[in-house]
Amino acid sequence: MSPLHLCLLLSAGLFCIGLTAALCRGNAILVLLGIELMLNAANLNFIAFWRYGSGSGSTGVVFVLFSIAVAAAEAAVGLALVIAVYRHQRNIRLQEATRLKG
Amino acid sequence: MLLPFIIIASLTLASAAVAMMLRNLIHSALLLVLSWTGIAGFYLWAGAEFVAFAQILVYVGAISMVVLFAVLLTRPARDVDSPLPAPTVIRLASGLMGGAMVASVLLTAILATRITGGRAHAPSVTVRDLGALLAGPHAASLLAAGVILTVALLGAIIIAAPSPRNPEDPS
Numbered sequence: 001m002s003p004l005h006l007c008l009l010l011s012a013g014l015f016c017i018g019l020t021a022a023l024c025r026g027n028a029i030l031v032l033l034g035i036e037l038m039l040n041a042a043n044l045n046f047i048a049f050w051r052y053g054s055g056s057g058s059t060g061v062v063f064v065l066f067s068i069a070v071a072a073a074e075a076a077v078g079l080a081l082v083i084a085v086y087r088h089q090r091n092i093r094l095q096e097a098t099r100l101k102g
Numbered sequence: 001m002l003l004p005f006i007i008i009a010s011l012t013l014a015s016a017a018v019a020m021m022l023r024n025l026i027h028s029a030l031l032l033v034l035s036w037t038g039i040a041g042f043y044l045w046a047g048a049e050f051v052a053f054a055q056i057l058v059y060v061g062a063i064s065m066v067v068l069f070a071v072l073l074t075r076p077a078r079d080v081d082s083p084l085p086a087p088t089v090i091r092l093a094s095g096l097m098g099g100a101m102v103a104s105v106l107l108t109a110i111l112a113t114r115i116t117g118g119r120a121h122a123p124s125v126t127v128r129d130l131g132a133l134l135a136g137p138h139a140a141s142l143l144a145a146g147v148i149l150t151v152a153l154l155g156a157i158i159i160a161a162p163s164p165r166n167p168e169d170p171s
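Chains as they are written, first to last, in the working numbering: chain A, 1 to 102; chain B, 1 to 171.
What the hints contain is simulated information worked out from the structure, not anything from laboratory work. Since this is a predicted model, take the numbers as computed values, not measurements. There may be inaccurate statements among the hints.
SDA-like, lysine to any residue: derived pairs with alpha carbons at most 20 Å apart [claimed, not checked]:
1) A/Lys101 / A/His88
2) A/Lys101 / B/Leu149
3) A/Lys101 / A/Arg87
4) A/Lys101 / B/Leu13
5) A/Lys101 / A/Gln89
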């Protein structure tokens, strides 16, 4: 088993933990953190392929930098949405956020 | 070479898994900070130092603070705290099943792939190279990322600010 396999396994494990959290938990902040974890797993894959892949160049590193920037923006907007939901229904349970259901 | 990776990987996976299972949000946020630090350690191990420090600055420094503030600003009121409704068990089971299915697919795909070639030493990317790349071929993307960050932060302020038309809002 090569080191790239190990990196991919670590990233797959992180992705599945994040996915399970995003699917199971009812708390909006934990769902957002699960999504952040999945994004981190994707970044980890970029670095792993940059390190162990056979291609040349440093596109992987640059892409991860942009991905981190977009993740920061996403976290800010997501937590602002959580605070807006809290202002409307006084808790952040996703099961109760059904006002837009129709 | 492999021992640091195993330590980093087990630390990252364990703290992430425990963080997602805890009921206390503060504890899970702090454990996730540990997990993000582990990911930064992985970047250092892989030889991408600049990305590791960007990860520490952005995730461990900034996003963790925002998450902690959001947790503290959204404490549930004690008197309206009702027990969880019944469909939670079904949701939990289906979520776990979905995660397990994705995990099995990913595991099978990774373990069945034969990887040949690959370099033995980390390709060296200095900060100077990164700066030249960001200011040269990727300058337009850098500008776009700056615009996205500005617009997203302005939008976050607008979304999270209390609406002025509603003066009897207790918050």
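Going through the hints against the structure:
1. A/Lys101 / A/His88: Judged against 20 Å, a Cα distance of about 15 Å means the pair holds.
2. A/Lys101 / B/Leu149: Since the Cα atoms of A/Lys101 and B/Leu149 sit roughly 30 Å apart, the hinted pair is violated (cutoff 20 Å).
3. A/Lys101 / A/Arg87: OK: A/Lys101 and A/Arg87 at ~18 Å, within 20 Å.
4. A/Lys101 / B/Leu13: violated (36 Å)
5. A/Lys101 / A/Gln89: Judged against 20 Å, a Cα distance of about 15 Å means the pair holds.
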